[in-house]
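For the record, the sequence lines run as chains A and R.
All residue numbers for the first sequence refer to numbering that gives the first Met the number 0, where the first residue is 0 and numbers rise by one.
All residue numbers for the second sequence refer to numbering that gives the first Met the number 0, where the first residue is 0 and numbers rise by one.
In short, the hints are calculated from the structure, not lab data.
Please note that the accuracy of each hint is not assured.
It does not matter which identical chain is meant; a pair holds if it fits inside one copy or across any two.
[Said to hold, decoys possible] No more than 25 angstroms apart at the CA atoms, straight line, and that leaves these computed lysine-lysine pairs for PhoX-like:
id, residue 1, residue 2
1, 585, 623
2, 304, 392
3, 177, 600
4, 600, 628
2 protein chains.
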Amino acid sequence: MKTDHTESQFTHIAITDSFWMQYQKLITEVVIPYQWCALNDTIDDAEPSHAIDNFKIAAGQMQGEFYGMIFQDSDVAKWLEAVAYSLSNHPDPQLESIADDVIDLIGKAQQPNGYVNTYFTVKAPSEKWTNVCECHELYCAGHLIEAGVAYYCATEKTRLLDIVCKFADHINEVFGKKPGQLLGYPGHPEIEQALMRLYEVTQDTRYSQLSQFFIEQRGQQPHYYDIEYERRGQTSYWQTHGSAWMIKDKNYSQAHAPITKQSTATGHAVRFVYLMAGVAHLARINHSQEKLTACRTLWQNVTNKQMYITGSIGSQSQGEAFSCDYDLPNDTAYTETCASIGLIMFANQMLQLDPNSNYADVMERALYNTVLAGIALDGKHFFYVNPLEVYPKAIAYNHIYEHVKPIRQQWFGCACCPPNLARLIGSIGNYIYTVKDNTIYTNLYIASESTLYLSDGNMTLLQKGNYPWQDTITFTVKMAQPCQADIALRVPNWCQQPQLSINQTGFAAENIASDGYIHIKRQWQNDDEIILQLPMQPILVRPNPLLRHDMRKVAIQRGPLVYCIEQADNGEELHNLLLDSSSELKCIAGSGIFAGKTLIKATAYRIDSIHAHSQPLYSFNSEKPAMTKCELTLVPYFSWANRGEGEMRVWINEL
Amino acid sequence: MKTDHTESQFTHIAITDSFWMQYQKLITEVVIPYQWCALNDTIDDAEPSHAIDNFKIAAGQMQGEFYGMIFQDSDVAKWLEAVAYSLSNHPDPQLESIADDVIDLIGKAQQPNGYVNTYFTVKAPSEKWTNVCECHELYCAGHLIEAGVAYYCATEKTRLLDIVCKFADHINEVFGKKPGQLLGYPGHPEIEQALMRLYEVTQDTRYSQLSQFFIEQRGQQPHYYDIEYERRGQTSYWQTHGSAWMIKDKNYSQAHAPITKQSTATGHAVRFVYLMAGVAHLARINHSQEKLTACRTLWQNVTNKQMYITGSIGSQSQGEAFSCDYDLPNDTAYTETCASIGLIMFANQMLQLDPNSNYADVMERALYNTVLAGIALDGKHFFYVNPLEVYPKAIAYNHIYEHVKPIRQQWFGCACCPPNLARLIGSIGNYIYTVKDNTIYTNLYIASESTLYLSDGNMTLLQKGNYPWQDTITFTVKMAQPCQADIALRVPNWCQQPQLSINQTGFAAENIASDGYIHIKRQWQNDDEIILQLPMQPILVRPNPLLRHDMRKVAIQRGPLVYCIEQADNGEELHNLLLDSSSELKCIAGSGIFAGKTLIKATAYRIDSIHAHSQPLYSFNSEKPAMTKCELTLVPYFSWANRGEGEMRVWINEL
């Protein structure tokens with residue numbers, strides 16, 4: 000992947016990892032073509048998209064009405080961004096030609112002043128910029144800008160970059176503190192991080208300053224959402240939950256207070272992490288201590304009080320939102336795939352701002368568990384919602400589960416998760432390393448060949464291994480001439496006895512710095528070899544005693560992977576299984592759809608329920624129920640629900 | 000209370016029980032006057048009712064618009080019914096005069112053809128009987144009929160009875176199978192049982208036949224709800240959850256199939272039990288084996304698969320509805336007070352149809368736990384929703400709890416529960432005995448003086464005791480001359496070793512018949528005395544293994560009372576308390592607001608959480624958390640939340 004170093008710090012990253020190449024192949028060969036069909040409404044039985052047609056209508060190439068969500072344009076932008084990463088990884092002239100045509104179409108739909116948004120162009124031209132709280136106008140702009148940056152980095156073509164620069168210039172005219180400008184900022188953050196990326200490739204400080212404006216205006220009084228609401232005559236776009244709730248519930252958009260005054264993650268989880276990714280990026284460029292502190296505070300709150308063991312966030316369906324500290328129900332969890340994707344983006348920005356393995360630990364947890372659970376092994380079915388416990392029999396009956404699907408779905412009317420998965424997986428190379436102050440931080444253990452930009456020149460790191468299944472990772476250093484640098488190896492928080500050698504000589508792996516990395520500072524020679532071992536025996540995970548939904552339960556993790564039990568292996572009534580935590584957790588090689596994957600066996604006891612259907616609901620002074628010894632089979636959480644509908648649990652009762 | 004024997008089988012019942020007299024006093028002295036103020040909008044800070052004004056407007060005594068729920072009239076009817084019972088128990092000329100005035104007002108609001116309903120009279124005269132699915136027109140009629148029957152039985156005054164007979168006659172003209180009549184039936188059942196009661200006092204079979212018509216039309220195809228929906232141009236009254244859901248979701252109203260084809264309780268829980276009370280009553284009068292079978296089947300489903308240990312039903316907020324078998328979450332439960340009241344009415348009808356202690360066991364459980372939990376000790380605060388587990392910190396944040404209140408509320412805009420409590424508690428005497436085939440079934444152990452109608456003449460039973468606190472119940476038989484009869488004493492399902500003596504001679508209490516009663520058949524003499532002992536040691540209750548929310552937990556019951564732990568006694572984090580079920584459960588006398596009540600102490604262990612706030616969410620390969628021995632205090636569930644906001648749990652983790 001070719002990128003400008005100011006955008007991603009790296010000059011070249013090629014993924015060679017079998018685990019991730021398979022996913023990237025799936026994105027390139029299945030998801031991107033499938034999504035292209037979806038955008039063009041050529042998939043039978045899928046909900047209509049109309050996204051390309053909307054652009055054709057806006058471009059004057061077609062007659063018709065806008066159709067779809069108010070943020071339908073963002074599907075096209077996210078597809079283009081995913082295509083950009085795919086072209087970086089796997090050049091494909093035919094795909095590039097299709098993308099170029101889409102970019103041309105966007106150019107034709109762009110208004111003379113730079114404005115791009117098909118909903119407002121086609122359907123409501125007089126309402127532009129009158130409802131930034133509810134109408135995703137700046138959100139769609141953000142995604143288009145991200146696509147423009149990515150497409151330029153991948154292809155060196157400037158057509159889309161020019162379009163988005165012209166659009167950003169227009170936005171910069173509309174919004175600001177000068178007379179006649181609007182003091183607004185988006186209801187759904189996204190443009191903040193997009194503008195920072197645009198700044199990185201263009202080095203035009205107007206873009207970082209505009210991002211700063213949006214971030215710093217957020218939550219100021221008098222509240223802009225109320226101002227524009229009054230100005231347009233108290234109209235509301237979303238009427239689904241009663242009048243104007245999205246405008247009035249400022250917490251929902253993290254707009255209840257300036258971000259530096261917030262200490263608890265609240266509201267819509269995706270909005271929160273998108274916003275924070277932008278804030279962290281800005282804090283790095285601006286050297287803002289105040290914003291760094293805010294980022295750290297909110298990061299701590301999210302990851303130490305409100306995050307599931309699978310790295311998912313946003314524990315309730317209503318508002319796709321955070322609840323409160325330690326309120327993490329497993330069965331009614333919303334835990335949107337996109338929220339974990341955004342958390343990874345936030346983590347990646349924090350790694351560049353404030354290097355610490357904690358950010359990478361969370362990134363890895365979210366990536367290998369929730370994000371990968373979001374996509375089926377066939378690349379055509381997706382989870383929006385990622386519960387940690389599913390009891391399918393009740394889902395159709397109890398409305399507290401109405402957002403929960405026991406199997407992955409084909410596509411969504413609001414299609415945010417699949418293209419977000421495509422762009423994250425396509426750009427996964429960007430998350431492996433952070434280079435800062437002549438230190439190479441290894442954040443993800445993904446086999447790859449990366450050329451990294453150091454003060455003494457470029458270093459190429461060949462990373463090899465079979466992560467997340469095997470515990471040995473090898474790094475080979477390649478360079479034209481020796482150079483002084485610090486290679487910092489992350490010791491994951493789940494790993495208790497890492498081992499390390501350099502050129503076959505042991506290195507004191509216990510010297511983990513306070514930032515969570517083992518720092519190896521030396522004059523690196525060509526062909527130097529580092530071998531890192533992160534022992535992957537299965538680990539018993541216990542919950543904080545404040546997690547009332549998990550008490551007296553354990554989870555099992557191996558390496559970065561959280562495991563779960565499924566009905567397919569363990570029968571019905573998973574609540575009647577008690578894991579014997581004193582027994583050995585055994586690794587076995589999977590077969591069938593689990594070929595190449597490691598499964599875990601554990602000793603357990605099953606509460607006898609053979610006559611339960613004919614027994615009364617409650618028994619008085621009865622004995623403790625009898626139990627029978629049995630063996631549990633655990634599978635990686637990310638691979639659950641690939642065998643039809645059935646019960647699933649991450650947190651297992653402990654004997 | 001004076002009633003005609005054909006209505007309630009009894010000629011006179013006087014409550015002498017200290018526990019229940021206190022509640023009846025509360026109803027008479029607090030609830031009825033308070034509710035009268037509510038109906039007249041003279042309570043500050045309460046939601047407006049306008050119910051009396053609606054009748055004044057309909058009667059032409061006042062100018063104005065209808066205001067309130069479409070079923071606002073039923074509040075007045077339920078108040079009148081409660082007043083009737085109160086007047087039976089405690090004559091009060093002033094209250095009777097107010098009630099007579101209200102009845103006069105209703106008479107003036109009655110249309111010449113007999114129709115009574117202020118919403119349709121005032122607001123939508125042309126829409127009468129066009130939307131029986133959604134508009135509660137027959138439901139309000141039902142409550143008015145019940146009030147008419149009760150007021151006649153209490154006062155022997157016929158004014159309201161005449162009004163409701165005229166109204167019922169009108170309904171009988173409008174609905175039926177003759178040409179020009181409507182084939183409809185109510186969306187919200189109520190009139191079915193009301194018409195059966197009207198039949199009992201009038202012996203007019205048109206009323207039982209009309210009830211039969213409504214019951215048998217239910218669920219027939221083509222579906223009447225669809226027919227009237229098309230006929231009126233596809234309009235829907237309730238738009239809150241999207242268009243016409245109440246019409247389309249036939250299960251919600253138990254109208255998806257004829258009642259004799261239903262085997263699972265589904266939909267709105269109150270509707271279900273009101274309907275079934277009517278069906279059971281009709282089955283008894285009609286000697287319908289098919290309806291008896293349906294009643295038994297649905298009773299079994301509700302009470303053996305879908306009922307909480309507190310006797311509450313309807314486990315979800317959405318639709319105030321049943322979920323599916325064994326889906327009984329404790330914290331998100333809806334479990335409306337009215338649903339348990341309706342369950343008691345259903346049980347009471349089943350006892351008369353099909354005597355079996357199982358019905359009375361459920362009746363007692365619902366009454367002493369959920370129903371009494373519905374009203375605060377001050378008589379001015381009420382629970383609509385009765386969860387079995389409350390964690391107040393999360394209620395404000397997680398919308399799965401948005402229906403849950405951690406403390407009782409003053410009044411409700413939709414004021415169904417408080418007047419329902421008033422009429423049930425006021426008429427509790429009707430639930431103590433069933434007389435059938437010269438057998439007196441004792442269903443509730445409530446001290447009382449009851450004159451019962453037997454084939455050989457009247458028998459007066461003096462029941463004494465201090466239930467639910469003390470285990471001895473004494474019955475003294477009073478009669479003019481000896482008579483042959485069977486007195487059947489219920490042995491509650493929680494009681495394992497009942498003891499019994501007659502005239503101080505032991506009686507083999509182990510001879511419990513298959514119907515769950517000890518039958519004493521003899522020639523009864525004046526002053527015969529029965530002493531029944533139902534030992535009340537605290538009982539450990541275990542859940543059926545299919546109740547996944549309760550697994551590895553126990554509940555504690557003593558006599559009919561289910562107990563719970565509250566934060567006020569046991570501190571925060573009730574999920575970290577583990578009850579040692581092998582230790583003794585000790586009864587202690589309560590004090591303060593618990594004076595006169597029995598509390599329970601139990602040995603438990605508390606999981607250490609002192610440093611939890613500063614610990615990570617998840618720990619790897621850590622030891623099992625340390626625990627400290629402690630003592631639990633349990634209070635009766637019905638008296639929870641009388642000490643401000645705090646955590647509460649019925650199901651307690653078992654060590």
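Checklist entry - Which numbered conditions among the earlier hints are violated in the structure presented, ordered from lowest to highest? => result 3
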